[in-house]
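One letter stands for each residue in the lines below.
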Amino acid sequence: MSDVLDGYPQWLDGAWVTVRLTLLGGALALVLALLFGMAGTSRHPWVRLLNRVYVEFFRGNATLVLLFWFFYALPLVGLRFSTMFAAVLALGLNVGAYGAEVVRGSINAVPRAQYEATIALNFTPFQRMRRVLLPQAFALMLPPFGNLLIELMKGTAIVSLVGLVDLTRVSKNIQGSTGETVAAFSVVLVLYFVIAQVLQLFVRYAERRVDRMLGRRLPAEPSLGTIAAGAPGAGVAGR
Amino acid sequence: MSWDWHYSGEILPDLLSGLRYTVVATLAGYVIAIVLGLVWTLLRRTPSRVFNQAIRWMTEFIRSTPLIPQLYFVFFVLPAWGITIGSLTAGILTLGIHYSTYTAEVYRAGIADVPKGQWEACTALNLPKSRVWLDVILPQAIRRVIPTLGNYLIAMFKDSPMLLAINVAELLFSAYQVGSKSLQFLEPITMVGLLFVVVSVISSILVRRLERRYATT
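Residue numbers (this note's numbering), protein chains in the order written: chain A, 1 to 239; chain B, 240 to 456.
Bound-form chain A, shown alone (with noise of 0.2 Å):
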């Protein structure tokens, strides 16, 4: 155990990579969610095929197909990625379409009168989305996104495989060279465990941040409307 331990520099390094593509994916995640989730929501048709298009194919892709995607097939007809813009890519990517539907549902949930307020008072789309629908939908679209942060966050896991020295790559080192195997693997389970609870607790602090400003009072456990919205399986279009 202590010769694991010992490892604890590469332990560290291993952990920053991991949150780092955690935080780089999410972000790239939150603009691509957004961004396309409120095409979801398009009076245009062909905006609204372009959501369907987006989140179609990336969210009905294994993460892992894609990042390999990026990272052996790509090459060969001229695009080269870094390993780690391949793996921010794949990630932010496969989770921004799990997000765009959170996204749309959450808008499309707003109560219908909201919209047509807006109308009444001359709001221009942007006034709308920007001041009556986003604040509302927000509330609603916060636990799924939780549950997507830890699902992006468990993700990274992947980049192991194509050679980034993230905290599951460097247990399989320091299992290779102290031939610790249980306690190796242990910690490095213990050490993810402790980053996802440390985002939920940022989660449920913004969730409780946003109920305030609305108003609203959090339920004690997720409903199974928020469980299936924030799924990582395909088919969650909103309620």
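Because the hints were derived from the structure by calculation, they are not lab data.
Given the structure is predicted, the values throughout are model-derived calculations rather than measurements.
Heads up, some of the hints might be wrong.
As the list claims (entries may be wrong) - The calculated label-pair distances, taken between Cβ atoms and stated as ranges, are:
no.	chain 1	residue 1	chain 2	residue 2	range
1	A	Val198	B	Ala319	24 to 34 Å
2	B	His245	A	Pro111	36 to 46 Å
3	B	Arg451	A	Arg80	44 to 54 Å
4	B	Ile324	A	Arg112	21 to 31 Å
5	B	Ser247	A	Val31	43 to 53 Å
6	B	Ser247	A	Val198	22 to 32 Å
7	A	Gly78	B	Ser247	11 to 21 Å
8	B	Pro354	A	Val198	29 to 39 Å
9	A	Thr83	B	Val437	20 to 30 Å
10	B	Ala319	A	Pro111	51 to 61 Å
Stated by the list, open to error - Below, computed lysine to any residue pairings styled on SDA-like, alpha-carbon distance capped at 25 Å:
no.	chain 1	residue 1	chain 2	residue 2
11	B	Lys420	A	Leu161
12	B	Lys420	A	Leu74
13	B	Lys420	A	Trp16
14	B	Lys355	B	Pro367
15	A	Lys172	B	Ile324
Ideal Cβ placement from N, Cα and C applies to all residues, glycine included.
Once you've looked at the hints, dock chain B against the given chain A.
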């Protein structure tokens, strides 16, 4: 470099044999996941608080750690304890246990979704506990969660490529092997990607149909 149709035709049998492992791992893992998930949910409802919390944290732990280190754990640690299992078995077990913690949460939410009046009616009728669960609560709860459980089958199918971390010869693994033999990765990996999209789109249409069929509201 451009797309080589002849080459893609040649590698198709290799990919299909990989697909067989993917399907086997996904389905066998799914059976474990839906059964074990219900077990976790019911265990969390026992009278002992300590026991419930232990189950809760254990499932939380499995749910919030990634599949690949879990695969390593099962595949490399169990032999150290004297249990030797093949890589496919290890993959199925890990996939199943990992997703059982998700389905447990789905069952829990489904049970919580059953109207309170149903419980009260059971009490009023003085039904024995086994009948309350088997004839009243579970039939209603499971009906509600069927579409969500369907989503998790798709999710497991999409996570199955991770089994290549412990050398299960599944779809992506065989694509990678075929590619590394000829150093042409474009065709096999693109074909795998397209296959995933096709399967996911078809199955999400099926799940949407399930949702309509089992809609409670």
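Now for the hints, and whether the structure bears them out:
no. : hint                                 : result
1   : Val198(A) with Ala319(B): 24 to 34 Å : 30 Å, holds
2   : His245(B) with Pro111(A): 36 to 46 Å : 58 Å, violated
3   : Arg451(B) with Arg80(A): 44 to 54 Å  : 46 Å, holds
4   : Ile324(B) with Arg112(A): 21 to 31 Å : 55 Å, violated
5   : Ser247(B) with Val31(A): 43 to 53 Å  : 35 Å, violated
6   : Ser247(B) with Val198(A): 22 to 32 Å : 45 Å, violated
7   : Gly78(A) with Ser247(B): 11 to 21 Å  : 19 Å, holds
8   : Pro354(B) with Val198(A): 29 to 39 Å : 37 Å, holds
9   : Thr83(A) with Val437(B): 20 to 30 Å  : 28 Å, holds
10  : Ala319(B) with Pro111(A): 51 to 61 Å : 58 Å, holds
11  : Lys420(B) with Leu161(A)             : 18 Å, holds
12  : Lys420(B) with Leu74(A)              : 17 Å, holds
13  : Lys420(B) with Trp16(A)              : 35 Å, violated
14  : Lys355(B) with Pro367(B)             : 17 Å, holds
15  : Lys172(A) with Ile324(B)             : 19 Å, holds
Going down the numbered hints, you'll see the structure goes against 2, 4, 5, 6, 13, while the others check out.
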